[in-house]
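K.L.:
As you go down the protein sequences, you meet chains R and U in turn.
Position in the first sequence (first residue = 1) + 692 = our numbering.
Position in the second sequence (first residue = 1) + 44 = our numbering.
To be clear, the hints were calculated from the coordinates, so they are not data collected in a lab.
In this text, a Cβ means the ideal position worked out from N, Cα and C, and glycines have one as well.
Honestly, I wouldn't trust all of these hints.
Unchecked claim - Short, incomplete list of chain U residues facing chain R, as computed with Cβ under 8 Å:
no. : residue
1   : L51
2   : V55
3   : G87
4   : S96
5   : T99
6   : S124
7   : S128
8   : K144
9   : L145
10  : F147
11  : G148
12  : G150
Unchecked claim - Keeping only pairs whose Cα atoms sit at most 30 Å apart, straight-line, the calculated BS3-like set for lysine-lysine is:
no. : chain 1 : residue 1 : chain 2 : residue 2
13  : R       : K733      : R       : K706
14  : R       : K733      : R       : K758
15  : R       : K758      : R       : K712
16  : R       : K712      : R       : K733
17  : R       : K756      : R       : K706
18  : U       : K113      : R       : K706
19  : U       : K93       : U       : K113
20  : U       : K113      : R       : K733
21  : U       : K144      : U       : K113
22  : R       : K747      : U       : K113
23  : R       : K747      : R       : K706
24  : R       : K758      : U       : K93
25  : R       : K756      : U       : K144
26  : R       : K706      : R       : K758
27  : R       : K758      : U       : K144
28  : R       : K712      : U       : K144
29  : R       : K747      : R       : K758
30  : R       : K733      : R       : K756
31  : U       : K144      : U       : K93
32  : R       : K712      : R       : K747
33  : R       : K756      : R       : K712
The chain contents come next:
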Amino acid sequence: GAVVSQHPSWVICKSGTSVKIECRSLDFQATTMFWYRQFPKQSLMLMATSNEGSKATYEQGVEKDKFLINHASLTLSTLTVTSAHPEDSSFYICSAYFTGELFFGEGSRLTVL
Amino acid sequence: AQSVTQLDSQVPVFEEAPVELRCNYSSSVSVYLFWYVQYPNQGLQLLLKYLSGSTLVESINGFEAEFNKSQTSFHLRKPSVHISDTAEYFCAVSEIGFQKLVFGTGTRLLVSP
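If we strip away everything but chain U, and leave its shape as in the complex, we get:
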């Protein structure tokens, strides 16, 4: 079975500052990794995913995450955040070949001016 740990329930940051949202996972088999974002009153949207290949994956809005197998981590980073990045971010893992996702508890990113 897989599990995901997001240690930070809330991360406050000022606009244009860098941010890192931490995600660690546990699994006895190879996995796929995902970051989802949930804006207020909206459903979850896929931000980025790691399936295979390059361990650094990027999203279209400036976020990136790096898969680190030895540290079993998939931290999400952005060099300069905007007010509009304020949202709940969920890290998730699935066993390769399976559709079921296991989610972390989420991290609320609060960007203030």
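Looking at chain R on its own, in the form it has when it is part of the complex:
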């Protein structure tokens, strides 16, 4: 099956710094990728839809200036959490469609101190 890989899987940063999370489709091209956020014991919440070569589409309530998404190639989308604060600590998951099925990355756990 298709593989979606995220990096880093775990990151700790200081409050006020920015963190970049990468999402790669390893063996297929993805014109569209999705970024989710998962709080402990809660469901995955869709943050934004990342479109290759164009601006991301953000869900209502998600700060686009806070969570910068770039989809510069057909195999890479990045999520940058800018000026991170402790409340941004969460599990971030990306996904991409291939042959009608949605494949997920392993997730990236962000801890902001």
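Since the structure of chain R is provided, determine the placement of chain U on it from the hints.
P.N.:
The following block gives chain U in isolation, referenced to the frame of chain R:
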């Protein structure tokens, strides 16, 4: 808009016993339904899906789910579980023709010997 309810946050069961994980959804339009499984430290994997046709869908590892439109349910069942089935199970729904998924809060299946 769609929503998904997984009432059971955790289901403990003994090995070789049957199990049912409940999922109810809400939508004003026709939907696709999915079950995803997340093993520890791994990404989400598609377990099975209902798009159309037979209301009973099966996975390759013995799980099955039945779409019940009148009860707006898509419960997941397995007649005999294994230790290796221990994981988090997520029910999800999408509007037909759209790629965005709405997830439930997940049910942790704990299989003990």
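K.L.:
Hint by hint, note whether the structure agrees.
P.N.:
Hints versus structure:
Of the supplied interface hints, the one on U/L51 is violated, with its beta-carbon coming no nearer than about 13 Å to a beta-carbon of chain R, more than 8 Å. Checking U/V55 against chain R by beta carbon gives a least distance of about 14 Å; that is not within 8 Å, so the hint is violated. Because the closest C-beta pair between U/G87 and chain R is about 4 Å apart, less than 8 Å, the hint holds. The interface hint given for U/S96 is broken, as the beta carbon of that residue sits about 13 Å from the closest beta carbon of chain R, more than 8 Å.
For the restraint placing U/T99 at the interface with chain R, the shortest Cβ-Cβ distance is roughly 20 Å, beyond the 8 Å limit, so the hint is violated. The closest approach between the C-beta of U/S124 and any C-beta of chain R is roughly 26 Å, which is over the 8 Å cut-off, so the hint fails. This hint is violated: U/S128 has a C-beta 19 Å from the nearest C-beta of chain R, more than the 8 Å allowed. Interface restraint check for U/K144: the shortest CB-CB distance to chain R comes to about 6 Å, inside 8 Å, so the restraint holds.
Because the beta carbon of U/L145 sits about 7 Å from the nearest beta carbon in chain R, less than 8 Å, this interface hint is met. Look at U/F147: its Cβ gets to within about 4 Å of chain R, closer than 8 Å, so that hint holds up. A distance limit of 8 Å between C-beta atoms decides the matter here; for U/G148 the minimum to chain R is near 6 Å, and the interface restraint holds. Taking 8 Å as the C-beta cut-off, the interface hint given for U/G150 holds, the closest approach to chain R being about 6 Å.
At roughly 25 Å between alpha-carbon atoms, R/K733 and R/K706 fall within 30 Å of each other, so this suggested pair holds. Simply put, R/K733 and R/K758 have alpha-carbon atoms about 24 Å apart, close enough for the 30 Å limit, and the pair holds. Using a Cα cut-off of 30 Å, the hinted pair R/K758 and R/K712 holds, with the two alpha carbons roughly 12 Å apart. A hinted pair counts as satisfied when its Cα atoms are at most 30 Å apart, and R/K712 with R/K733 qualifies at roughly 24 Å.
Using a Cα cut-off of 30 Å, the hinted pair R/K756 and R/K706 holds, with the two alpha carbons roughly 21 Å apart. For the given pair, U/K113 sits about 49 Å from R/K706 by alpha-carbon distance, which is inconsistent with the 30 Å threshold. This hinted pair checks out: U/K93 and U/K113 have alpha carbons roughly 15 Å apart, not beyond 30 Å. Of the pairs offered as hints, the one joining U/K113 and R/K733 holds, with about 27 Å between alpha carbons and a cut-off of 30 Å not exceeded.
Between U/K144 and U/K113, the direct Cα distance comes to roughly 21 Å. Compliance with the 30 Å bound is thereby established for this hinted pair. The suggested pairing of R/K747 with U/K113 is violated, with an alpha-carbon distance near 37 Å, which exceeds 30 Å. Proposed proximity of R/K747 and R/K706 is supported: the alpha carbons are some 28 Å apart, at most 30 Å. Between R/K758 and U/K93, the direct Cα distance comes to roughly 34 Å. Violation of the 30 Å bound is thereby established for this hinted pair.
Of the supplied pair hints, the one linking R/K756 and U/K144 holds, its CA atoms being roughly 18 Å apart against a limit of 30 Å. Between the alpha carbons of R/K706 and R/K758 the distance comes to roughly 16 Å, so the proposed pair stays at or under 30 Å and holds. For a cut-off of 30 Å, the pair hint linking R/K758 to U/K144 stands: about 22 Å separates their Cα positions. With a CA separation close to 23 Å, the supplied pair R/K712 and U/K144 stays within the 30 Å bound.
Distance hint between R/K747 and R/K758 is fulfilled; the C-alpha atoms sit about 15 Å from each other, no more than 30 Å. Between R/K733 and R/K756, the direct Cα distance comes to roughly 25 Å. Compliance with the 30 Å bound is thereby established for this hinted pair. For the hint pairing U/K144 with U/K93, the CA-to-CA distance comes to about 15 Å; that is within 30 Å, so the pair holds. At roughly 17 Å between alpha-carbon atoms, R/K712 and R/K747 fall within 30 Å of each other, so this suggested pair holds.
Restraint check: the Cα-Cα separation between R/K756 and R/K712 comes to about 14 Å, which is no more than 30 Å; the hinted pair holds.
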